[in-house]
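Which chain is which? The protein sequence lines are A and B, in order. Here the working numbering is used: position 128 in the first sequence is 128, and no number is missing along the way. For any residue, its number in the working numbering is found by taking its place in the second sequence, counting from 1, and adding 220.
Hints listed in this document are in silico derivations from the structure and should not be mistaken for laboratory results. Quick caveat, the model's predicted, so the values are computed rather than measured. Don't be surprised by glycine CBs; every beta carbon is placed ideally from N, CA and C. The reader is advised that the hints may include incorrect statements.
Distance windows between CB atoms, simulated [unchecked claim]:
(1) A:Asp52 x B:Phe337: 25 to 33 Å
(2) B:Lys414 x A:Ile76: 37 to 45 Å
(3) A:Glu146 x B:Leu427: 48 to 56 Å
(4) B:Arg237 x A:Gln217: 35 to 43 Å
(5) B:His345 x A:Arg30: 55 to 63 Å
Distance condition first, Cα-Cα at most 20 Å in a straight line; then the derived DMTMM-like pairs of lysine to aspartate or glutamate [stated by the list, open to error]:
(6) B:Lys476 x B:Glu455
(7) B:Lys256 x A:Asp139
(8) B:Lys260 x A:Glu146
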Amino acid sequence: MKEFKRITLLCGHYGSGKTNVAVNLALELRKTFDRVAVADLDIVNPYFRTKDSREDFEAADIRLICSEYANTNVDIPALPPDMYTVTDDRSLQVVIDVGGDDRGALALGRIAPAILEEGNYEMLAVINSARPLTRTPADTVEVLREIEGACKIPFTGLVNNTNLGRETDESVILNSVPYAQAVAELMQIPLVMTTVPQWLYDGLKGKIDRLFPLTLQKKY
Amino acid sequence: MKGNEAIAEAAIIAGCRHYFGYPITPQTEIAAYMAKRMPKIGGTFLQAESEIAAINMVYGVASTGLRVMTSSSSPGISLKGEGLSYLAGADLPALVVNVQRGGPGLGGIQPSQSDYFQATRSGGHGDFRMIVLAPSSVQEMAELTVKGFELADQYRMTAMILADGTMGQMMEPVALDLDVKPMPEKQWATTGTKMNRPHNIVNSLFLDPAALEQTNFERFERYKFIEENETMYEEYLTDDAEIVIAAFGIAARVSKNAIDEARKQGIKVGMIRPITLWPFPVAPFRKAADKAKAFISVELSMGQMIEDVRLAIDCKAPVTLCNRVGGMIPSPEQVLESIRQTAASLGGAN
Chain A
1 MKEFKRITLL
11 CGHYGSGKTN
21 VAVNLALELR
31 KTFDRVAVAD
41 LDIVNPYFRT
51 KDSREDFEAA
61 DIRLICSEYA
71 NTNVDIPALP
81 PDMYTVTDDR
91 SLQVVIDVGG
101 DDRGALALGR
111 IAPAILEEGN
121 YEMLAVINSA
131 RPLTRTPADT
141 VEVLREIEGA
151 CKIPFTGLVN
161 NTNLGRETDE
171 SVILNSVPYA
181 QAVAELMQIP
191 LVMTTVPQWL
201 YDGLKGKIDR
211 LFPLTLQKKY
Chain B
221 MKGNEAIAEA
231 AIIAGCRHYF
241 GYPITPQTEI
251 AAYMAKRMPK
261 IGGTFLQAES
271 EIAAINMVYG
281 VASTGLRVMT
291 SSSSPGISLK
301 GEGLSYLAGA
311 DLPALVVNVQ
321 RGGPGLGGIQ
331 PSQSDYFQAT
341 RSGGHGDFRM
351 IVLAPSSVQE
361 MAELTVKGFE
371 LADQYRMTAM
381 ILADGTMGQM
391 MEPVALDLDV
401 KPMPEKQWAT
411 TGTKMNRPHN
421 IVNSLFLDPA
431 ALEQTNFERF
441 ERYKFIEENE
451 TMYEEYLTDD
461 AEIVIAAFGI
471 AARVSKNAID
481 EARKQGIKVG
491 MIRPITLWPF
501 PVAPFRKAAD
511 KAKAFISVEL
521 SMGQMIEDVR
531 LAIDCKAPVT
541 LCNRVGGMIP
551 SPEQVLESIR
561 QTAASLGGAN
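Sequences and hints are given; from them, build the entire structure.
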């Protein structure tokens, strides 16, 4: 990304890979900024949370803002008490990992006014055409519009995170680019990046614009 | 896709257009997926007021001969117990999914396999069985869902997918070009007589005890046939195995890693992975017991399948338990250690 806004919001369809992108983006930001935080506002997913990367964050000196109850048996849509740090502490560079779909995006409602007022944010839609309910541009846009409706923050950019997990190969990424471009056109927002697993980065470098390597691959 | 989504999409592919459920972690994605998809394909998704209501709606649709399903997780399945028994008593086909979580009681939301007894003995009161299918990959979640509908129709009984939280939540690529056999004709279904046939009656109440006894006898004749014809299992490196692991679902995936490592260390260990938990695949265990000196049952329970393993091998070899419970999963290292200890106890055999 050419220039980082203070807050990067990652929203998208359930299971599109928001957490994986969030974790990698935070590590990338830490190369430029001293104070970086990841805020996990997921109120949907019971397992596979940013908390799984706690040790990686500690090693990289990245602050994790996350519900005490993530990965426990407390099955309620809890938000972390220090989530207001995201908007209150403007010296912090933040990646916000939001829960999937419109239901997950609801959690943003509480801090959306402050984010909009500050106006220093990027609202990114993470899309993955390998997911069953967002296989076509039209279906994807339907989900993204529902998300915007729930959190009242319009998208400003697109992250093409199309992948098939460990079975991702070059063709999966290459074939996803026209899909991502079509979504970008329908949404009238730029395609900010196409993510690629580290092991495919060298092979695809130069073939796709704004390629972002995912160095850390965990199962979320 | 997620395991839960694979089940939902496979059900739609199998021709299921009626889903009734009530949300509970870690299976809620099935309901959420159905809520999105069913209206688009002319199907019915209904979030019932409770699990009990949902299973009785299943009973209603099953009576008409249409493919129908519900899904839940452990505590919700307990609530469905009465309905499961009524489905059995009325000989109705249905698919029920249990994405298990830790128990007993409200327990937790993390994965578990501790509903094995409930699923394989019976989910409710009275003499009955359910066909219980245990997937071990997201692909199998899809394939066994189709198989479950087919077996349910073929034998007029409930088929249950017994998965666990990990299988429901994990994401893997899935090929959805699933083979679906045509649905058998259901002459017993309550589809309206159109005044040219006698009424079909779906019922589990019998006023004459001798008649009720007869329905039980006939049902168990069918169960016997299923036991002889419908077992499914996978064998992994059992040909020369001196130690045989029994594991299903997520426990089998963990065990496979441990077996590969143990083989590198020269230990002759293999695995039988039951895919049908009822009917339990007795034959491969019996055969393995001719050569194997010890068995290990790897489970996310306090030891439930281990009883079926002991019965299957007629106690010809010792069976030990390697387990974690309460939402914890055995690690490959723990299983490997169990294999090594068993190998050591066999003395010079290795």
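We went through each hint and held it up to the structure:
1. A:Asp52 x B:Phe337: 25 to 33 Å: With a Cβ separation near 32 Å, aspartate 52 (chain A) and phenylalanine 337 (chain B) satisfy 25 to 33 Å, so the hint holds.
2. B:Lys414 x A:Ile76: 37 to 45 Å: Given range 37 to 45 Å: violated, Cβ gap about 52 Å.
3. A:Glu146 x B:Leu427: 48 to 56 Å: Once the Cβ atoms are compared, 54 Å apart, the range 48 to 56 Å for leucine 427 (chain B) and glutamate 146 (chain A) holds.
4. B:Arg237 x A:Gln217: 35 to 43 Å: Because 38 Å falls inside the window, the suggested range holds.
5. B:His345 x A:Arg30: 55 to 63 Å: This hint holds: roughly 59 Å between Cβ atoms.
6. B:Lys476 x B:Glu455: Distance ~11 Å between lysine 476 (chain B) and glutamate 455 (chain B) Cα, so the pair holds.
7. B:Lys256 x A:Asp139: 11 Å, holds
8. B:Lys260 x A:Glu146: Since the Cα atoms of lysine 260 (chain B) and glutamate 146 (chain A) sit roughly 17 Å apart, the hinted pair holds (cutoff 20 Å).
The structure fails hint 2 only (numbered hints given earlier).
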